[in-house]
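Enquirer: Please model the complete structure; the sequences and the hints are all you need to start from.
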Amino acid sequence: MSQHKGKIAGIIVLLLIIFYAIAVYWSTEPSRFDVVANAKEQAQLRNEKIVTGYVTTSTLITVANTLLDKPGGYLSNDVIPPSIIMDDMPAWEYGALEMVRDLSLSMRKDFSRSQSQSTEHEALKKAQPQFNISSEAWPSAEGEYQKGIDYLMVYRGQIANEHERDSQFYARADNLRSWLKEAEKRLGSLSQRLSASVGQEKVNTDLAGNSSNKQATLAPLQQQVRTPWLEIDDVFYESRGATWALLHFLQAIEYDFNDVLEKKNARVSLQQIIRELEATQETVWSPLILNGNGFGYVANHSLVMANYISRANAALIELSELLAQG
Numbered sequence: 001m002s003q004h005k006g007k008i009a010g011i012i013v014l015l016l017i018i019f020y021a022i023a024v025y026w027s028t029e030p031s032r033f034d035v036v037a038n039a040k041e042q043a044q045l046r047n048e049k050i051v052t053g054y055v056t057t058s059t060l061i062t063v064a065n066t067l068l069d070k071p072g073g074y075l076s077n078d079v080i081p082p083s084i085i086m087d088d089m090p091a092w093e094y095g096a097l098e099m100v101r102d103l104s105l106s107m108r109k110d111f112s113r114s115q116s117q118s119t120e121h122e123a124l125k126k127a128q129p130q131f132n133i134s135s136e137a138w139p140s141a142e143g144e145y146q147k148g149i150d151y152l153m154v155y156r157g158q159i160a161n162e163h164e165r166d167s168q169f170y171a172r173a174d175n176l177r178s179w180l181k182e183a184e185k186r187l188g189s190l191s192q193r194l195s196a197s198v199g200q201e202k203v204n205t206d207l208a209g210n211s212s213n214k215q216a217t218l219a220p221l222q223q224q225v226r227t228p229w230l231e232i233d234d235v236f237y238e239s240r241g242a243t244w245a246l247l248h249f250l251q252a253i254e255y256d257f258n259d260v261l262e263k264k265n266a267r268v269s270l271q272q273i274i275r276e277l278e279a280t281q282e283t284v285w286s287p288l289i290l291n292g293n294g295f296g297y298v299a300n301h302s303l304v305m306a307n308y309i310s311r312a313n314a315a316l317i318e319l320s321e322l323l324a325q326g
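Residue numbers for the sequence shown follow my numbering, beginning at 1 and rising by one.
Quick caveat, the hints were computed from the structure, so don't treat them as lab data. This list has only true hints and no planted wrong ones.
Below 27 angstroms or equal to it, Euclidean Cα-Cα: the simulated DSSO-like pairs (lysine-lysine) are:
1. 126 / 109
2. 40 / 109
3. 264 / 181
Per label pair, the in silico range of CB-to-CB distance:
4. 44 / 14: 45 to 55 angstroms
5. 85 / 283: 16 to 26 angstroms
6. 68 / 185: 23 to 33 angstroms
7. 185 / 281: 17 to 27 angstroms
8. 73 / 164: 30 to 40 angstroms
9. 150 / 262: 30 to 40 angstroms
10. 6 / 297: 40 to 50 angstroms
Since the model is a prediction, treat every value here as computed from it, not as a measurement. For each residue, glycine too, the CB sits at the ideal point set by N, CA and C.
Expert: As structure tokens, then:
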């Protein structure tokens, strides 16, 4: 009897070791890629021409594909071990997915339209809602995201076809500024959540700027904001995923909006944002996301990440203002 129990215990230990090894491998974050080289490779494979918007669209497609094709595939909606007990990589996926959602929406309502009264591009109209499927939907999430990718590929092929005059990508300052505003909000939210890892007294500034401003219900003038201890690493890896995706999108924007950036003398500003985001992708050498207090003995990875994101966000705001100038 004791020998039988010993075998069962041995099997359980072996399974745990196997699950742990798989989890470590699946937790490997995707590498960065050269957005221009990637677009040229895609164009060559499909015998398509690199036109304005081709690099941005190809980058969006590749980032979305990465969520599905990386080691372990898409993990956020898995219902079996070891992925069901993993949270860091699903958090990373969610951060990248949010950036995919923002850019696909801007592609639909801004980049592909000449003016506010113009009609939506049919393929983008179908693509954008597919990415809004819940990240945890099982088993439909991967399939719906793949449909969105397929529609994006249709759009990319059409803008590369000189005979498809109704399919366009407009590289204009106002279009770019609209998307940058969405990126600002994402980074601002991530920065706040990361900074709350140690807890902070936050003064209510919701109605600042005008004494006549109102809100639906009253809120306290001050409140203690703190990210729950068990969610600190999730917020950190969500930020890693979001900044990984945004970094690639901005590199693609630098290529497709080259003339706009040159005219506005804004290329240096964009490059500074990219540099700040590159710092967010440095290797994490610690096996745990540490949560030290301020200037204490233990590092606080969340505050370091918040620093890079806050600086990138400030530079985004400056870039947006540059683009608004005549």
